[in-house]
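Engineer: The lines below spell out each chain.
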Amino acid sequence: DTAVSQTPKYLVTQMGNDKSIKCEQNLGHDTMYWYKQDSKKFLKIMFSYNNKELIINETVPNRFSPKSPDKAHLNLHINSLELGDSAVYFCASSQDEQIRSPLHFGNGTRLTVT
Amino acid sequence: LAKTTQPISMDSYEGQEVNITCSHNNIATNDYITWYQQFPSQGPRFIIQGYKTKVTNEVASLFIPADRKSSTLSLPRVSLSDTAVYYCLVGADSGGYQKVTFGTGTKLQVIP
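Same order as they appear, the protein sequences are chains A and B.
Following this note's numbering, the numbering of the first sequence begins with 1 at its first residue and continues without gaps.
Following this note's numbering, the numbering of the second sequence begins with 1 at its first residue and continues without gaps.
I should point out that these hints are in silico values taken from the structure, not numbers from a laboratory.
It is possible that some hints are incorrect.
Stated by the list, open to error - Think about it this way: if two alpha-carbon atoms lie no more than 20 Å apart in a straight line, the pair counts; the simulated SDA-like pairs of lysine to any residue are:
id: 1; chain 1: A; residue 1: 44; chain 2: B; residue 2: 40
id: 2; chain 1: A; residue 1: 41; chain 2: B; residue 2: 46
id: 3; chain 1: B; residue 1: 54; chain 2: A; residue 2: 101
id: 4; chain 1: A; residue 1: 19; chain 2: A; residue 2: 107
id: 5; chain 1: A; residue 1: 44; chain 2: B; residue 2: 3
id: 6; chain 1: B; residue 1: 69; chain 2: B; residue 2: 104
id: 7; chain 1: B; residue 1: 107; chain 2: A; residue 2: 19
id: 8; chain 1: A; residue 1: 44; chain 2: B; residue 2: 104
id: 9; chain 1: A; residue 1: 36; chain 2: B; residue 2: 101
id: 10; chain 1: B; residue 1: 99; chain 2: A; residue 2: 112
id: 11; chain 1: A; residue 1: 9; chain 2: B; residue 2: 42
id: 12; chain 1: A; residue 1: 41; chain 2: B; residue 2: 42
id: 13; chain 1: B; residue 1: 99; chain 2: B; residue 2: 29
id: 14; chain 1: B; residue 1: 99; chain 2: A; residue 2: 59
id: 15; chain 1: B; residue 1: 54; chain 2: B; residue 2: 68
id: 16; chain 1: A; residue 1: 9; chain 2: B; residue 2: 58
id: 17; chain 1: B; residue 1: 69; chain 2: B; residue 2: 99
id: 18; chain 1: A; residue 1: 40; chain 2: B; residue 2: 40
id: 19; chain 1: B; residue 1: 54; chain 2: A; residue 2: 100
id: 20; chain 1: B; residue 1: 99; chain 2: A; residue 2: 95
id: 21; chain 1: A; residue 1: 36; chain 2: B; residue 2: 107
id: 22; chain 1: A; residue 1: 44; chain 2: B; residue 2: 103
id: 23; chain 1: B; residue 1: 99; chain 2: A; residue 2: 46
id: 24; chain 1: A; residue 1: 41; chain 2: A; residue 2: 112
Generate coordinates for the entire structure from the input sequences, incorporating the hints supplied.
Structural biologist: Here is the structure:
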């Protein structure tokens, strides 16, 4: 069983479109995250969501909006896609917000904006 | 935020022990040191975490000197499947992962 699964694995779309990436975890964790890994392989946190509290990295454009229907799901919706949004997006979860709770990552969604 | 510095890349032959050192000179009293491994086309995977001295699990050992300004991840007898990028993270429970950066990591290439 896949612990953290995200779909789709690949997403190719044109500038200006709106797209969503879905994430589900079956670990019973309380906290979920979205990370972005750019072409230089830097991995940056975008959002974390814990017990209905959303914490947003202030550098993330408001075109990106996370949605969590329940604590097992954290989806990412992106409006008006731009070329610079091309990256690999990783969903992750942890038991709670503490550093001592290891992150469990999905296998990523490679987004290509043309 | 505690900044970390690691070598960009390392090569090792199969069967050798590999030690990857991470510098974190401004580590805070409540910070933990955590290492993750990332294979191509996969998300990072937790390897080991420690606060001080030595921690060992079935995958690796983590050595932390008394001043905690650095840490060393030790992989015993590496195989080709250990080829990956290894990230050192430093952070405290109070800040959560919002206060932790992955950095550039160390790309380990295991050679036959």
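Engineer: Can the restraint linking residue 40 of chain A and residue 40 of chain B be considered satisfied, given a maximum Cα separation of 20 Å?
Structural biologist: 13 Å, holds
Engineer: Between residue 41 of chain A and residue 42 of chain B, does the CA-CA distance stay at or below 20 Å?
Structural biologist: 12 Å, holds
Engineer: Check whether the Cα positions of residue 54 of chain B and residue 100 of chain A lie no farther apart than 20 Å.
Structural biologist: 16 Å, holds
Engineer: When you check the alpha-carbon spacing of residue 41 of chain A and residue 46 of chain B, does it fall within 20 Å?
Structural biologist: Cα-Cα ~17 Å, so holds.
Engineer: Check the hint pairing residue 107 of chain B with residue 19 of chain A against an upper bound of 20 Å on the C-alpha distance.
Structural biologist: At roughly 32 Å apart (the allowed maximum being 20 Å), residue 19 of chain A and residue 107 of chain B break the hint.
Engineer: Within a Cα-Cα threshold of 20 Å, do residue 69 of chain B and residue 99 of chain B meet the stated pairing?
Structural biologist: Within the cut-off at roughly 18 Å; holds.
Engineer: If you draw a straight line from the CA of residue 9 of chain A to the CA of residue 58 of chain B, is it 20 Å or shorter?
Structural biologist: Measuring from Cα to Cα gives roughly 31 Å; hence the hint is violated.
Engineer: Sort out whether residue 95 of chain A lies within 20 Å of residue 99 of chain B, counting only the CA atoms.
Structural biologist: This hinted pair holds, its Cα atoms lying about 17 Å apart.
Engineer: Between the alpha carbons of residue 99 of chain B and residue 59 of chain A, is the straight-line distance 20 Å or under?
Structural biologist: With Cα atoms ~13 Å apart, residue 99 of chain B and residue 59 of chain A stay inside 20 Å; holds.
Engineer: Tell me if the straight-line CA distance from residue 36 of chain A to residue 107 of chain B falls inside 20 Å.
Structural biologist: 19 Å, holds
Engineer: Residue 41 of chain A and residue 112 of chain A: Cα distance at most 20 Å?
Structural biologist: 15 Å, holds
Engineer: Can the restraint linking residue 36 of chain A and residue 101 of chain B be considered satisfied, given a maximum Cα separation of 20 Å?
Structural biologist: Holds, because 12 Å separates the two Cα atoms, which is no more than 20 Å.
Consistency note: the structure conflicts with the earlier hints numbered 7, 10 and 16.
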